[in-house]
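Asks: Residue strings, one per chain:
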Amino acid sequence: MSKYAMLIDVNECIGCYACRVACQTTNDLPSDISRIKFMEKEKGTFPETEIVVLPTQCMHCDEPACVDVCPTGASFKNEDGLVLIDYDKCIGCKYCITACPYDARTFNTSTGKVDKCNFCAPRVQRGMQPACVEACVNDARFFGEVDDSNSPISKLIAEADTAKVGGTSFYYKLPEGWDESLPEDAIKPAYVKNLTERVHPAGKALLGLSAGAVAASYVMTRVNGGHEDEE
Amino acid sequence: MKLNRRTFLKLSAATASMAALGASKYRSVDNWASANERPSNITTAYSVCNSCGNRCGIMAYLRNGRLWRITGNPDDNKSGGKICTRGHGYAQMVYDKYRLSQPLKRTSDGSFVEIPWEQAYQEIGDKLMGVVRKYGPQSVFWSEYSKPISNFYGARLMAALGSPNWTTHSSTCFVGRNVGFDYTLGGLPSGDYENTKYVVFVGRSPADGMGLNILKGLGVAKKKGAKVVSVDPRLSYSAGVLADEWVAVKPGTDLALLLAWMNVLIAENLYDKGFVENYTVGFAELKEMVKQYTPEWAETITGVKAEQIRRIGRELGANRPAAFLEPGWHAAYGSNYANSTQTARATAIVNGLLGNINKPGGLCFYNRVSFGGLNPELYPTPPASPYERVDGAGVKGKYPLTLSTGLHHLLPGLAKEGKLKAGIFYSVNPGRTVPDRNYVIEGYKNLELTIVIDWQMSETAEQFADYVLPESHPMERDGIVEAIASSRPQVTMQAKVIDPVHSGGRGLDRIVSELATAMGLERFFNFTLEDLNKAMLFPLGLFPVHLKSRGIVDGDAGQWHYEFPVDGSGKPSLRTKSGKVEFFSSSFAEHGHNPLPAWQAPKVMPSGDKLRMIHGHQAYHTHAQTMNNPYLMSITKDYEGDSIWLNTETAKRLGISDGDTVQVSGNGWEAKSKVKVTQRIHPEALFVPGGYGGFAKSLVRGYGIGVNINDFLKHDTEPISGHAMMEEVLVSVKRA
Amino acid sequence: MSKKGNVRIKRFNLAERVAHWSQAFAFVVLFLTGSALIFRGYGALLGAEGLRIAGMIHRIIGVSFPIIILAILLLLTPKTTKEWLRSVFSWNMSDIKFLALFPKEFFGLKVKLPAQGKFNAGEKINSLITIFGSMLMVITGWMLILQDRFSPSVIAWVHLLHASGALLMGAVIIAHAYLALGHPGSREAINGMISGTVSEKFAKEHHELWYNEVKDTNRVVVGEEVQDLKEREA
Ligand code: HEM
Ligand code: HEM
Ligand code: SF4
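Chains as they are written, first to last, in our numbering: chain A, 1 to 231; chain B, 1001 to 1736; chain C, 2001 to 2234.
The hints are simulated quantities; they were obtained by calculation from the structure and are not laboratory data. Cβ atoms here follow ideal geometry from the backbone N, Cα and C, with glycine treated the same way. Among the hints, a few may not be true.
DMTMM-like cross-link-like pairs, simulated, lysine to aspartate or glutamate; straight-line CA separation at most 20 Å [claimed, not checked]: (1) 1227/B - 1109/B; (2) 2010/C - 2083/C; (3) 43/A - 1658/B; (4) 1222/B - 176/A; (5) 1222/B - 159/A; (6) 1674/B - 40/A.
If you want the footprint, here are the derived chain C segments under chain A, 3+ residues with CB under 8 Å [unchecked claim]: (7) 2033-2044; (8) 2048-2059; (9) 2103-2110; (10) 2146-2157; (11) 2160-2172.
All chains, full assembly: derive it from the sequences and hints.
Replies: Structure representation (structure tokens):
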């Protein structure tokens, strides 16, 4: 199955929010919930000032932290790279909101579930572009299959000024001198490791130990003069 | 007029793949059920976006008959298949709970009660006729935010009543630019963005004020190596993202910059001599005048380094004729400064020196679509009013050079003087968008009859309307056929997309016709909108149904040629007096204005801690109109879009830091606001994002959010084109 | 050998017992509803709807019970609560010795434990874990309910603490409940939490210091009182 990726050319992003509203309407989101966030940075002093607007959304991580912490399996990684939420399984526990290194998830109070960009999977499945890509008024957004080296997005990715957000399905083109504003690689937050690899196993072991001791005691007290309490 | 093949193919391909796929590729995906473009319940319809004056072609997607989402119509030559933030949000307002649904009448205690349409027509008709009989038809006016439907119906209603006072919002928007260009180039040309090599925006920001056609054109040009320069006191998103270079001009001094460019072009022989010789008048006078305006001189006025001015002047000359100064809109020369009209003229003149008129990559007067009209034998045209416009637009001794769209910011004063007695406001909100709140409200309160027609409440409706008539949302009704200007003009129309959500609302065509009928003027309105559209389309061999099914069709305006306009005998035929580019304007001279755009300072100048309050668009709002839009307002809330901007140095001097709440005061007005401290703005300026500062309680989402520039302004008028002066204001700011 | 079966020593008053069982009930419900998010197999068994209901129950109990329990302990039986607190915070060498030897006792090996007060060292530890653990769970629980007001990095810690607390307390409570219900040496203790009294023998053997203190004041005679008294005096 082909793997999908998105690329945002920050040189062209004018921070207009058209993608945000197009996404909201396409995905029936309430007006105050957005799947896309915008980070604006400026540097230099007047009149030598420069700006960039950096839109972020779910990066569709290769090893998504959100999937790791999801207790119900509602968040899952599809084989084509899309990280999706199965709303039938989402219970709104918000663990994924905490885990996501990109602040890509929001709680939708009207559904009681967590929301995030799904690369418009329903559209992608039909060969259409995600709504944000379709809506971008300055052609700053690109989406496509990366394992086809002839696809437009593969060609863009191959260009020298394209940077990949490590461990994700996201690429950016940044203006000269703005490399540092590239979102950091998708390193699993320490929290996710601590929870899934330390606290949970250790706690479960402790519970097991306790139960084991109880069982052992039960047997042993009955073997070694367990009549003590009989009156 | 070929069938819209691209869209057709796209749709059928999508349909086929939908049918073929059947089962979902993804495990129970997300909101699968709702975000599904299932062929069975999704339909599409074409229309035109009403969110701003650009009027881009749209494609509406309906799900089970309910408007779901919109996209740009890919056939639209101008917008190129895109729709901006505001358009996406605006369309959704059709379902908003704050829409008006019944005619309202103000009661004696100041509140509104709902009344039936028949009663509204009867009462309004009687009162309006009463005013006409008592004070004469010239005491009645129409005021609108310019739209095709009201351009026709509003003007016709005024003519039917005998009133000369059909008015648009132009005097607080673009009239200075139009007058400047009209008397220099004979009209407003379009930039040939795709083919340009060098373009300078003076004040205008297509990335904030949203010119989708410009974004599209620049995209093409930049790929071919074109350079974009933005002259702006603020690093707008155009200056910061689209442009290669930012010219951080001191606000209100653009004229000096333009004069210096003329100076460079002439002094260094970079102008187009052949063009100047054949197609311009007044070069000698111009040359003489601009001698003094060296880049060094301009540096002292504008704060822009002489080298930068000179270099850009040279680059303009080197790239001509595929180089132009964009005709702009509001900022530097629409209606902001005492020198705005002359600044517009200067912009047009620089273009003349570049000889770029109707050249590839220059400024072009494209062919126009020739629409038909109603047959006057069947549908009598109301005679033009015998009276002079009360606001003095086009009137000798007053504002003879300005546009026939009038000077709406003068109307409140005229109402106070008793010269105006009744007014109809269509989709316009002067209570909020015209300078000087007290002047406007107190003035308009003198009217004996005030009618507001809109689909939502407004400050105007709340403050001084006697009747509020609910218009249906543009998604619910047809509009008038219109042209999309480009080298290949197209024809389109706003078409009804969904059945009315509220049975109470009506289209303007119907409201005006029915009101006219109630006043016994039905003879001038004995046709339907459909009849009108048919008549307009007749010469093109089209019917409204074609536009509805295809969205956009070619306008058959003839092949476009890059040639200077000439008449039958080969004489230059720009729409100026001489038919040529008028460096020297005898019309200006005739009416006592400087025939050459000599340097003229703005009326007020910042000094010390007095800053100039400037304003501008955000890409996600259309003036005050979108302040109750939940989608767009939530952007404001998420990103504190209502903050005013202060330069970092200035803020430091005043002890203000980013995110502080500050008190802004000027001209006797005070308001509090959050502040964004930034290097993106001139140290002498305080930027206020446009449209905020709502005080209509019924527009709950925008009520009390942000600051309204108009509150800080005093009523004032520039003498040439008669526009308001919306940046001639100094304010002081301190921590609240 | 006298039969002391009917002489009982009052151990917990009604308020204490109600408080304890409220605590026990709340904890068990909170553990069962909360841990469905940790044990995925169990969570899957409940299904999304079940988990949503579990989450709701978890919140209702988590918010209401701590208040009820605190109210009982502080308003209805402040004196014993104070005593309990004083006792669980006072530690000495014999407590340490008790803890060192207790594992043997736990597994049924013969061992002479040092004499204990009302609460033995194990119970003190249980009490401390309950007190501080519950505080931790209530604070972190509330933060989870109000998580929109905190930054994700704070909530990350809160999750770790809440889960750690739950699992640790769970482990302790398994042993605690077993000692009260299943362990032959201490099974009698359950009566203290049900009827409020324990047998004189149990009191003397397990909490000798306390027994000596209260053997007269807390003495309750059930049934054949006279006989028992006579025997004692004889
Ligand atoms: C579910 C079954 C439980 C049973 C059968 C049980 C039984 C008992 C008994 C018999 C006592 C009295 C021990 C004595 O005589 O000193 C006791 C005390 C106590 N219980 Fe529980 N309990 C249970 C659950 C819990 C839970 C869930 C907690 C707290 C989370 C708890 C906290 C305490 C505390 C703090 C004491 C006082 C100190 C102590 O004696 O250990 N119990 N429990
Ligand atoms: C002392 C007994 C408690 C136990 C054993 C317990 C156990 C748990 C466990 C195992 C989890 C899932 C893992 C985690 O998020 O760390 C959890 C989650 C949670 N607990 Fe508790 N908890 C207790 C008390 C409370 C209290 C007092 C509150 C509230 C005041 C509370 C509120 C929550 C909330 C809001 C969650 C998030 C899970 C969700 O959204 O469904 N808990 N609890
Ligand atoms: S960006 Fe966040 S939500 Fe998206 S896959 Fe990565 S962790 Fe999950």
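Asks: Three residues or more, CB to CB closer than 8 Å: is that satisfied between the stretch 2048-2059 of chain C and chain A?
Replies: holds (count 4)
Asks: Does the alpha-carbon distance linking residue 1222/B and residue 159/A stay inside the 20 Å limit?
Replies: At roughly 18 Å apart (the allowed maximum being 20 Å), residue 159/A and residue 1222/B satisfy the hint.
Asks: Quick check: do three or more residues in the stretch 2033-2044 of chain C have a beta carbon closer than 8 Å to a beta carbon of chain A?
Replies: This one holds; 7 residues, not fewer than the three required, reach chain A with a Cβ under 8 Å.
Asks: Test coverage of the stretch 2103-2110 of chain C by chain A using CB-CB distances below 8 Å; three residues minimum.
Replies: Our answer is that it holds, as 5 residues pass the Cβ test (under 8 Å) against chain A, meeting three.
Asks: Quickly compare the C-alpha distance for residue 2010/C and residue 2083/C to 20 Å and report which way the hint goes.
Replies: Holds, at about 15 Å.
Asks: Tell me if chain A covers the stretch 2146-2157 of chain C under the three-residue, 8 Å CB rule, please?
Replies: holds (count 7)
Asks: Given the hint that residue 1674/B pairs with residue 40/A, does the C-alpha gap stay at or below 20 Å?
Replies: 17 Å, holds
Asks: Does residue 176/A sit within 20 Å of residue 1222/B, going by the straight-line distance between their CA atoms?
Replies: 17 Å, holds
Asks: State whether the coverage of the stretch 2160-2172 of chain C by chain A holds or is violated, taking the criterion as 3 or more residues with Cβ-Cβ distances under 8 Å.
Replies: holds (count 9)
Asks: Tell me if the straight-line CA distance from residue 43/A to residue 1658/B falls inside 20 Å.
Replies: Cα-Cα ~15 Å, so holds.
Asks: Given the proposed pairing of residue 1227/B with residue 1109/B, does the C-alpha separation stay at or below 20 Å?
Replies: 61 Å, violated
Figure legend: structure checked against the earlier numbered hints; the only hint not met is number 1.
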